[in-house]
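2 protein chains.
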Amino acid sequence: MSLEQVFASRTSQMKASEIRELLKLLEQPGILSFAGGIPDPNLFPAEAFSEAYARALSPENQAVALQYSVSEGYLPLRRWLVGQMERMGVPCDVDNILITSGSQQALDYLGKLFLNAGDTALVEGPTYMGALGAFRAYEPRFDRLSVNGNRPAQDYADAAQAAGGKVKFAYLTPDFANPTGKTMDLRGRESVLDLTEALDVASIEDAAYQALRYDGDSVPPILALEVARKGDLEACRTIYCGSFSKTLTPGLRVGWVVAAKPVIRQLVLTKQASDLHSPTINQIVVHEVAARMFESHVGTLRQSYGARRDAMLAALEKHMPEGVEWTRPEGGMFVWMTLPKNMDGASLLAEALRSEMVAFVPGSAFFADGAGANTLRLNFSSPTVEQIDEGMLRLGRVLRGALT
Amino acid sequence: MSLEQVFASRTSQMKASEIRELLKLLEQPGILSFAGGIPDPNLFPAEAFSEAYARALSPENQAVALQYSVSEGYLPLRRWLVGQMERMGVPCDVDNILITSGSQQALDYLGKLFLNAGDTALVEGPTYMGALGAFRAYEPRFDRLSVNGNRPAQDYADAAQAAGGKVKFAYLTPDFANPTGKTMDLRGRESVLDLTEALDVASIEDAAYQALRYDGDSVPPILALEVARKGDLEACRTIYCGSFSKTLTPGLRVGWVVAAKPVIRQLVLTKQASDLHSPTINQIVVHEVAARMFESHVGTLRQSYGARRDAMLAALEKHMPEGVEWTRPEGGMFVWMTLPKNMDGASLLAEALRSEMVAFVPGSAFFADGAGANTLRLNFSSPTVEQIDEGMLRLGRVLRGALT
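Protein sequences appear in the order of chains A and B. The first sequence: position 395 = 394 (numbering that gives the first Met the number 0), numbered continuously. The second sequence: position 302 = 301 (numbering that gives the first Met the number 0), numbered continuously.
Mixed in with the good hints there might be a few duds.
As the list makes no split between identical chains, a pair holds if one copy fits it or if it spans any two.
[Unchecked claim] DSS-like, lysine-lysine: derived pairs with alpha carbons at most 30 Å apart:
#	residue 1	residue 2
1	Lys14	Lys260
2	Lys229	Lys14
3	Lys14	Lys340
4	Lys260	Lys340
5	Lys14	Lys165
6	Lys317	Lys260
Honestly, the hints are just simulated from the structure, not real lab data.
From just these sequences and the hints, can you work out the full model?
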């Protein structure tokens with residue numbers, strides 16, 4: 000007996016990621032790891048959550064908190080998000096918002112909403128590994144998005160048609176991207192809008208890290224730029240995916256999607272059919288904690304993560320040999336490193352673990368097209384400032400060794 | 000601009016359910032509703048949850064409770080479920096279990112795992128509406144499952160092939176089914192195993208209501224029967240979906256799947272790509288509350304819901320006119336009523352709302368093939384015993400009026 004023979008064809012694209020398997024090993028004690036991508040648990044607003052859960056489960060509230068609720072999401076949380084989006088230049092109402100179980104679920108639903116097998120998803124190279132994973136379940140073709148506007152729309156459309164489908168969307172992480180840490184400038188954002196408009200397709204703006212800016216001026220969300228162009232969210236093709244995972248907590252799995260109402264309506268049906276709704280009580284407590292302290296808590300995070308970003312950039316200056324380059328992110332959780340062309344991130348990891356017990360993520364996993372062998376991702380949100388300096392010292396030694 | 004033009008073809012099958020839209024109206028004050036399918040919130044073990052959340056968020060536990068966790072699910076909860084499954088005749092280990100966000104998510108994942116567009120899902124008529132919704136996203140064909148074994152396997156296979164696909168699974172709710180309240184006997188269960196074995200496909204056992212038995216002898220799960228046949232879960236084709244939604248609380252969205260390891264491994268990948276993991280803290284508190292009081296709490300539910308079931312059956316005897324038939328469920332939350340052939344449940348509902356302010360769900364929504372116009376579903380877990388008697392009195396009056 001083997002049920003594998005009756006698995007759907009999509010499962011052939013849904014393989015265990017070698018990188019994810021590897022990451023499990025990297026979190027072992029004794030290893031100084033820059034491989035994770037998770038918030039520092041010491042910075043969770045745990046006391047506020049504890050109070051909020053107690054209140055949600057008080058005799059007058061418990062019947063609601065523990066009961067089924069609507070697929071659209073908890074109304075007071077959606078109302079609070081309306082205010083947040085408005086401050087970002089996106090006037091909307093509650094019917095433009097769906098609560099999801101983290102922004103990962105939004106990516107799954109958007110793949111489900113748009114992709115027939117063989118359709119094309121435009122993605123950056125590198126891009127968020129989890130987005131590639133979510134989309135792959137719908138058997139797409141990936142094409143590399145060139146953000147500077149120097150590849151004509153017709154060229155994307157022709158390539159998609161030749162592959163037997165259509166371009167359906169461009170997926171972007173414009174702010175402090177995972178894995179590069181880079182932020183897309185205003186011109187880049189406008190060029191994405193031009194492209195998706197010329198193709199008449201959606202743009203998916205993954206804003207998971209957007210609140211975590213440590214310096215520099217914030218750039219408006221792509222959705223805000225499109226609202227400014229069109230005057231009305233209902234005329235916009237951009238779908239904004241937000242998350243509380245990097246700001247308040249990832250463990251409660253609360254994110255949201257903002258889009259024109261026909262898109263939200265179809266996503267609500269998708270959610271109804273896939274898990275009915277996100278946990279009621281978690282939405283209630285996230286609303287309470289966000290309403291009470293979102294801005295001040297994000298301020299705390301910015302200070303703490305900003306200091307670690309500074310420490311990492313300083314340590315890289317101090318310890319890295321010539322020929323190695325890295326990004327200088329204005330926010331987020333990652334620095335992206337480019338090694339000399341002939342070097343291989345995966346081999347380097349093996350060596351780094353063996354000789355220095357230091358870990359990172361080889362960069363090729365973030366490319367849909369297998370590029371990026373000579374790249375790697377470093378996380379600075381989990382380690383302390385001291386660990387960062389020690390870790391970069393060790394990584395520098397590994398690199399020096401490999402370069403000689 | 001209309002993004003609908005680039006929606007995937009599957010969205011044409013994912014329409015808003017008229018019934019679900021209707022149900023929203025039915026929960027208005029003043030209406031005596033038997034339309035819902037939700038637990039009585041007065042029976043939630045809210046105090047135990049409150050204590051468990053407080054403990055999960057204590058200084059020594061909060062870093063884990065609020066952090067990302069593994070896609071497989073919280074290990075102590077999976078261990079506890081190993082014990083539960085063993086008591087039901089299904090020896091397994093933690094790698095045979097995936098935690099899902101309610102059993103609804105398991106149904107979505109199983110659709111994703113098995114169904115290519117055009118493949119056939121065998122479902123009962125009537126069956127759980129949410130299963131039809133979950134599977135429809137993968138563009139299947141539905142065929143009516145005949146449980147008594149009098150339709151040969153080859154006939155199902157031929158029909159599936161003629162429709163351009165393959166039979167991939169049979170989906171069943173063997174215990175106190177939603178909507179019928181019926182329980183499949185041992186012979187029915189064995190015949191399902193014979194059929195899925197002859198077809199060499201999966202059987203999906205949705206056990207959402209299994210713990211809620213009020214009288215009669217329990218029948219072993221289909222998976223237990225298959226383990227007894229084969230001697231080893233790894234040789235089994237049955238996939239068991241459990242849920243805490245009807246026993247502890249639906250608002251936390253915690254369910255589980257038990258199956259052979261290759262199936263669980265692929266479902267873990269599916270979960271990783273779709274929402275990373277179910278909320279960490281909810282899994283922790285469900286484990287604590289289940290370990291502390293699952294059996295005693297289910298005992299309380301059985302008493303309370305059993306009394307309401309008794310009240311509904313007594314009220315139906317008292318108030319229903321001749322020509323109307325109904326099921327006598329041994330558990331669960333529903334009684335299924337069959338009206339004379341020429342009557343229509345939807346028209347009756349309109350009349351019942353107008354003249355008596357009493358509500359139920361017309362039965363046709365539970366059929367994949369549009370049958371069942373003369374059926375309806377009555378819920379007895381939400382209303383009180385007094386409301387049940389009053390409601391059946393009113394419904395009896397409506398039916399008498401419609402029958403004259």
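- Task: Can you give me the call for Lys229 and Lys14, within, between, both or neither, at a CA distance of at most 30 Å?
- Result: between (41 Å within a copy, 29 Å between copies)
- Between copies, within a copy, both or neither: which fits Lys260 and Lys340 at Cα up to 30 Å? neither (47 Å within a copy, 41 Å between copies)
- Under a CA distance limit of 30 Å, which applies to Lys317 and Lys260: within one copy, between copies, both, or neither? Cα proximity of Lys317 and Lys260: none, with 51 Å in one copy and 48 Å across.
- Task: Can you give me the call for Lys14 and Lys260, within, between, both or neither, at a CA distance of at most 30 Å?
- Result: between (34 Å within a copy, 15 Å between copies)
- Message: One pair to classify: Lys14 and Lys340, alpha carbons no more than 30 Å apart. Within, between, both, or neither?
- Response: For Lys14 and Lys340, only the intra-copy Cα distance (28 Å) is at most 30 Å; the inter-copy one is 51 Å.
- Query: Is it within, between, both, or neither for Lys14 and Lys165, if the alpha carbons may be no more than 30 Å apart?
  - Reply: both (24 Å within a copy, 23 Å between copies)
Violated hints for the displayed structure, listed by number in ascending order: 4 and 6.
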